[in-house]
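**Student:** Two chains, two separate frames, one set of hints: put the complex together.
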Amino acid sequence: MKKTALNQLHHDLGAKMIDFGGWEMPVQYTGIIEEHLAVRNNCGLFDVSHMGEIEITGPGSTAYVNQLVTNQIDVEVGRVIYSPLCYEDGGIIDDLLVYRIDSNHYLLVVNASNKEKDFEWISKNAPDDVKIKDLSDQYGLLALQGPKSEEVLSSLVDFDLSEIKPFRLVQEEVNGKEMIISRTGYTGEDGFELYLSPEDADETWNSIMEAGEEFGIMPAGLGCRNTLRLEAALCLYGNDINEDTNPLEAGLSWTVKFDKEDFYGKKALVETRDAGVERELVGFILKDRGIARHGYDIEVDDKKAGFVTSGSFSPTLDENIGMGYLQKEFVEVGKEISIMIRSREVKAKVVELPFI
Amino acid sequence: MSIPAGFYYSEDHEWVKVEEGVGTIGITDFAQDELGDIVFVELPQVGDEFDKEDNFGVIESVKAVSDLYMPVSGEVVEVNEDLLDQPELVNEDPYEDGWIVKVSLSDESELDELMDADEYSSFLEEEA
Numbered sequence: 090m091k092k093t094a095l096n097q098l099h100h101d102l103g104a105k106m107i108d109f110g111g112w113e114m115p116v117q118y119t120g121i122i123e124e125h126l127a128v129r130n131n132c133g134l135f136d137v138s139h140m141g142e143i144e145i146t147g148p149g150s151t152a153y154v155n156q157l158v159t160n161q162i163d164v165e166v167g168r169v170i171y172s173p174l175c176y177e178d179g180g181i182i183d184d185l186l187v188y189r190i191d192s193n194h195y196l197l198v199v200n201a202s203n204k205e206k207d208f209e210w211i212s213k214n215a216p217d218d219v220k221i222k223d224l225s226d227q228y229g230l231l232a233l234q235g236p237k238s239e240e241v242l243s244s245l246v247d248f249d250l251s252e253i254k255p256f257r258l259v260q261e262e263v264n265g266k267e268m269i270i271s272r273t274g275y276t277g278e279d280g281f282e283l284y285l286s287p288e289d290a291d292e293t294w295n296s297i298m299e300a301g302e303e304f305g306i307m308p309a310g311l312g313c314r315n316t317l318r319l320e321a322a323l324c325l326y327g328n329d330i331n332e333d334t335n336p337l338e339a340g341l342s343w344t345v346k347f348d349k350e351d352f353y354g355k356k357a358l359v360e361t362r363d364a365g366v367e368r369e370l371v372g373f374i375l376k377d378r379g380i381a382r383h384g385y386d387i388e389v390d391d392k393k394a395g396f397v398t399s400g401s402f403s404p405t406l407d408e409n410i411g412m413g414y415l416q417k418e419f420v421e422v423g424k425e426i427s428i429m430i431r432s433r434e435v436k437a438k439v440v441e442l443p444f445i
Numbered sequence: 200m201s202i203p204a205g206f207y208y209s210e211d212h213e214w215v216k217v218e219e220g221v222g223t224i225g226i227t228d229f230a231q232d233e234l235g236d237i238v239f240v241e242l243p244q245v246g247d248e249f250d251k252e253d254n255f256g257v258i259e260s261v262k263a264v265s266d267l268y269m270p271v272s273g274e275v276v277e278v279n280e281d282l283l284d285q286p287e288l289v290n291e292d293p294y295e296d297g298w299i300v301k302v303s304l305s306d307e308s309e310l311d312e313l314m315d316a317d318e319y320s321s322f323l324e325e326e327a
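Chains V and X are the protein sequences, given in the same order. According to the numbering used here, the first sequence is numbered sequentially starting from 90. According to the numbering used here, the second sequence is numbered sequentially starting from 200.
In isolation and in its complexed conformation, chain X is listed as follows (with noise of 0.2 Å):
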């Protein structure tokens, strides 16, 4: 199981990494794996705001319908929009080609409620 180091980590398993405040959001390797086969996924639009915790997406493995919330609070800058018809991005390689959203911050603060490499894999590790 990949959880590289230099990510942020919510307890929903999404990744945030941060450069130069814009967030990039994904799934983790641990989601893709549990969802199984992705095959749809349904972004924002640029320019939409969501709080911290807001849905703000949707995924579609084969078997199971799974909402996205957001780790952190911003304005959409962008949507990966390879995912329209390369869902399985997601799958193969989810901290690179399959992020899902930027978003620029409104709070970098929020940042420091969310868990690094090593506390989220304690966090796995009890959730086992």
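Next comes chain V alone, as it looks inside the complex (with noise of 0.2 Å):
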């Protein structure tokens, strides 16, 4: 399995360690509702160095990255764009982050699971005037997330912080090292992701956490971080979206831009759009008692009406909470559908997203 550089850490914090898409990972250290919690009322620090990082630069940059994603990423230098990358049929490849670090540099922020598939599949079509490299080897990333982040890390930087807006970055010393660190997250919360050399991890870590804990800072795992975006209704690939899942159905219409001239999967999802889709990705709350797991199907009067994407418990609503694919005939805030768990019917409500 593949570690990051903060894996002897994790072990010597007592964090249970799964395999993440070929990564040791931590998925929690105390607790995931505890560190949750932390994470909504204070702040949590995540090592998510397993995420993959890729680099387009040269003069073609700009054009074959708008060509690449359906949102639009010819944006002022400094801004941090989401947006999903499709084939040609509108199917999503992986849900990423677009960093525009100058006007011919970007850095795509993918999915660890999805990275080899991603890095063939930009490299395929790369016309000749941009360079592609996977950095994911050079970079460890570390999140911390919650509403103490700011003041957190602010002891810890000789610049204001506050000049970092949402989706913006900035390349700036942290406790003395150079790192590139954005306003941005994947908890619903305000908070900074920091992509920095491997070789700072630890320090870099071990400083946040002692400035943090006057703010009540836990470390953070994948546990938490599931549970979190998912009261945010943020999408986990492989869960909510995948090839078979186009971004209108998703929810991710706004990161679709139709006016663009060009981009993989425009014409197909020009159709898909004029048609109507068939289902959309809605959130519900579970009325009766269980709790709803990815792949379990939906029914309304007794008959299939969808499936289940994710689910869980919702440490912040005290409620079982979901998301899933429904028919676009019942979607509807308040509609009354069932969840069928290990084939009982369990009562559920549609409700609008995010949860929090």
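Everything labelled a hint here was simulated from the structure, so no lab data went into it. Not one of these hints is a red herring.
Computed from the model, here is a short list of chain X residues facing chain V with C-beta under 10 Å:
1) G235
2) V257
3) E287
4) N290
Glycine included, C-beta positions come from ideal geometry on N, C-alpha and C.
**Tutor:** This is the structure we're talking about:
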């Protein structure tokens, strides 16, 4: 299994480690619920160094990245754009963040489990005037998330963190080490992600934990990362979106810029848009006891009407929540649906997203 | 890791405590720690009959769904209904308030096939 630079530190902290797409990663340190609430109320520090980083540079890079992704990335330097990456048929290859580091310098931050596939797709179609590099081994990635994040990090930097607006990046020093700092995350909370040299990971982790002690910081594992992102209704690739789903049915229409001249998947997505989607990703809260899990059927009037893509106990709401694809005709806030849990029918209600 | 004496233990990390032919069944401290925060327990009905190693319920943590297996054969005489609203009792007190079902044992000799506290402790060390 692959290991991040912080692997030993996680073991020393007593983390439970799991195989996550070929990486040995911490799923929890003290408990998922406790870590989840720490991030919502104070802050938590995640090691997400398994994420992939693909660099695209060269005179043709802006045109090419805009051809690759559905969202508009020809924006001010220093902005970060979330976007699906689609095949010609509109199926989602991956969802990623595009960092515009300079006018002809982009960093694509991709899901670890999709990195090889993404790299292949991106390389295959590349014109001669761009250069593509897999920099994943050169970056560690820490995510400091939660309402106290700015206060915690401010003691380790000598510039004003409030200047970094959401979805913006800077290249600055934290605790004397140069890194990319962006105001981004995957929890639905304010926070920062730090792209740093793996050599600096230990020291930076420890300095943040120390600075955060008085604010109630906790090390946070991938277990609570999942429950936090679900409450915020952020899609998880492999659960809520995959190659058989398209952005329009996944609630990601806002990331598809049809006014761009072209991009991979445009033709198929225009057709889908004009015909109307057949199903939509919805959120639901269970009204009876039980927990919805990925793959369970959704029924309406005893007939299959969709399937669950993500489900969990929600520590913030103290309810059992989930997301899933539901046939368009039933998509309506307040609609009663049934989740089939081990052949038991459990009542649920469609709610607005996000959950929090 | 708590492994109290006077209980019988199974390789599936369940425990049985026997009083007057009735076995109280739960999961061990090791099992609850492995599962993490428990958020749902699906219980059988009073009167349900199970053979040893039958699946009699489901326990769900935030991350995982796990089946519960009977360490002995018997008929369910009581279920811990407190777990419906407070599944976290299994984490907090796995050997007392976090018990799951009580069964009238149909064959007490099955207890001989289970481990005592010392044997279970060695079993955990070997597994680790």
